[in-house]
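> Sequence:
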Amino acid sequence: ICQLAGWVFAPVLVERRGLFRAVEAFAGGGALSRQLNLGGILTFSYDIKQHAVLQNILTPSGFSFLISLCLRLDVLGLAWFGIVCSNWVWIGRRNTGRSEATPMGNPEYRKVREANQMVSRMVVLLWILEALGLLWFFEQPVSSTMILHVRLQEFLLLMLQRSIRVVRALVN
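The letter at position 6 of the sequence shown is residue 20 when you use this note's numbering, and the numbering goes up by one with no holes.
None of these hints come from the bench; they were simulated from the model.
We put the CB at the ideal spot given by N, CA and C, even for glycine.
Warning: the hint list may mix true and false statements.
As a list, the in silico EDC-like pairs of lysine to aspartate or glutamate whose alpha-carbon atoms are at most 20 Å apart [as the list claims (entries may be wrong)]:
1. K125 with D61
2. K63 with E128
3. K125 with E114
4. K63 with E122
Distance ranges between label pairs, derived from CB positions [stated by the list, open to error]:
5. S100 with L146: 26 to 34 Å
6. L146 with N120: 29 to 37 Å
7. E122 with L33: 37 to 45 Å
8. R127 with I55: 30 to 38 Å
9. V67 with Y123: 18 to 26 Å
The whole structure should be built from the sequences, with the hints applied where relevant.
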């Protein structure tokens, strides 16, 4: 039942498909959402601070809800992911076991496992957004090792290969 909670609550919070132009996931203070909304771009700000279960990507209902939000973006929609960087940047490496050689970190630490799961779930969302032809972004500081996460690497490699095939087809 919990796994379907996001789908149950989504129609209550989002009245129709295509209602949102943008979704800001892991919004923190929601600065991007505020600015987009001020500019007339209706944006949903998704963050655990706003709802501990329904807006927590680590819970089945929170992940389902974020999927439903992405599915409800209009055709010109975009999704912005600002995953917390503290688990991925140089300053936290002693506590996470992360490095360029071990980007998945030390799985003995709960925070490392959770951060890895967040990125894996974000990648699932990126696949959905790609399939829908929607624009997506994720942000991290330059010292972050998140870009080396196994699932994210697989996704980006396939996107690169697809881009090369498209360019090759256009040239031929």
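> What hints, given by number in increasing order, does this structure fail?
Result: hint 4 breaks, nothing else.
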